[in-house]
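Line by line, the protein sequences are chains E and X.
In terms of numbering that gives the first Met the number 0, the first sequence has 79 at position 80, counting the first letter as 1, and numbering is strictly consecutive.
In terms of numbering that gives the first Met the number 0, the second sequence has 144 at position 145, counting the first letter as 1, and numbering is strictly consecutive.
Hints are computed from structural coordinates only; laboratory data are not their basis.
This one's a predicted model, so the numbers in the text were calculated from it and none came from an experiment.
Glycine included, each C-beta is placed from N, C-alpha and C at the ideal position.
Certain hints may be false.
Said to hold, decoys possible - In silico SDA-like links for lysine to any residue, alpha-carbon gap of 20 Å or less: (1) X:Lys28 x E:Asp8; (2) X:Lys285 x E:Glu53; (3) E:Lys94 x X:Lys287; (4) X:Lys28 x E:Ser5; (5) X:Lys285 x E:Gly49; (6) E:Lys56 x X:Leu281; (7) E:Lys95 x E:Met82; (8) E:Lys169 x E:Val215; (9) E:Lys80 x X:Gly65.
Said to hold, decoys possible - To list a few chain E residues with every Cβ distance to chain X over 12 Å, as calculated: (10) Met62; (11) Ile117; (12) Ile174; (13) Ile202.
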Amino acid sequence: MSKNLSIFDVLGPVMIGPSSSHTAGAARLGKMARYICEEDISSVEIQLHGSFKETGKGHGTEMALVAGLMGFEPDDERLRKAMDLAQGTLAVSFKKVDLGYAHPNTARFIIEKSDGVIMDITGSSLGGGEVIITNINGFEVALKGNYFTIITKHFDKRGIISQVTTLLSKGSVNIGNMKVSRNIHTQEAIMVIETDEGVPTEIIKQIKGLNEMIGVMIVNPVRGEIHV
Amino acid sequence: MYSNGSELLNLCDKDNLSLYQVIINEEMKQTMMTKEAILKKIDGILEVMVHSVTYAMEHPVSTLGGLIGGESKKLMQYRAVGEGLSDGWILKAMARAFSALEHNGSMGRICAAPTAGSCGILPAALITMAEKYNLSRQLILEGMVVASGVGKIISENATVAGAEGGCQAECGSAAAMTAAALVYMMGGSPKTSFDAAAIALKNIMGLICDPIAGLVEAPCAKRNASGVVNAITSADMALAGIQSIIPFDEVVEAMYTVGKNMHTDFKETARGGMAATPTGRLLADKLK
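Build the full structure now, drawing on both the sequences and the hints.
Shown next, in the form of structure tokens:
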């Protein structure tokens, strides 16, 4: 039960049918994976779990996931032609898997970028078009795509968090939420920061330039306005 | 601020405002959007709806599951012969509801109202009713605002998701929203709108969500067509002065309790009802 909804939470979303969770949500998941890969995807293996695996075919889930990976919005009429449109630009394969106790509507994307780097992204469609990215390259996250998000991967050293937040405040970016997780074996950490504004390019460059930084990802909100 | 039906009615009474005025004023406060911007956005949604409730009336569609397709056209042909048991505009509203679901099932563009599986009820009733009485586009937009306000209350106090509350939460909420809007558009009072909404929700209380093969096709499409009729008859009852014995807010709470107590087999899992019949299972196996 959520409080203080807008009337547009009831009247909407405008979407390509048939299902807000299996079609619109799938497209949003694909789009978030695309952002996480900095819109650079050469090939992808999409693993389908649970209800995505069982009823995905009748819901156009595969087409919707691919459409999202190509950057289409959930209400884009090209969605139903996504497989054809991907021909020649994006190599796609599907695999039916069992991811254990994952949410019933879960997809895992094994993405190869143009420089050969592999990205491993898992996310679930929660219903009504809401989605969550739960894992990026082995790091647990909880990205819902409602805010501008900056994800840093860095060596787990003292002071790195404050260096990043100082740079954000220098760029007049207000932090809404923040979560840090680390892998004690590799001494690496991931920080997910949700912000009220987009982070200026110059600030991203400076964050990328920090000594302990391994990588920085930017995920734009995918909820967006209803496109009508 | 209103968090339930009685608070919304009090706001209407206090300043002698219509449901539309109170709901849009609150929406402006909450979203910081202007009235014009809100109505423009709803107008865009109406455009999507008009297309979705019209398309399959004229065009054959082929849905992903192939369980539905052609129903809208059949009703229109039946109506053209002029022998329908239902009045002509009711048949047309039913055909429009089918069109939206056929369009949705064939990966067409629709607007969830409140969900994709119930996307035919509100637009089919409002658009056909406005056509019958030659009502303005502005009045349809106002009806949509009223419907959304009612849906918002159901969503905030219970659920509109089939997976949480069964079909009563989806098609029931859609019919309740629609009934309230129809009363508003006919000039009924705020209280009458809520009586209509309560009656519509009561009419299908307990209805399970049992999609064959787990797809948003059957029995969803037929329940959208019957949902339109539920909304229209509920609005008529209320406009005739028949009141809901149980207040709207209590009906919503009861619907939520019924939904929570409903076995998970009957909440969009395709393990109960029509989905679990021998024919339902056979169709599901074929689609695998």
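Hints, one by one, checked against the model:
no.: 1; hint: X:Lys28 x E:Asp8; verdict: 16 Å, holds
no.: 2; hint: X:Lys285 x E:Glu53; verdict: 13 Å, holds
no.: 3; hint: E:Lys94 x X:Lys287; verdict: 15 Å, holds
no.: 4; hint: X:Lys28 x E:Ser5; verdict: 10 Å, holds
no.: 5; hint: X:Lys285 x E:Gly49; verdict: 19 Å, holds
no.: 6; hint: E:Lys56 x X:Leu281; verdict: 17 Å, holds
no.: 7; hint: E:Lys95 x E:Met82; verdict: 18 Å, holds
no.: 8; hint: E:Lys169 x E:Val215; verdict: 18 Å, holds
no.: 9; hint: E:Lys80 x X:Gly65; verdict: 18 Å, holds
no.: 10; hint: Met62; verdict: 8 Å, violated
no.: 11; hint: Ile117; verdict: 31 Å, holds
no.: 12; hint: Ile174; verdict: 22 Å, holds
no.: 13; hint: Ile202; verdict: 27 Å, holds
Taken one by one, the earlier hints fail for this structure only at number 10.
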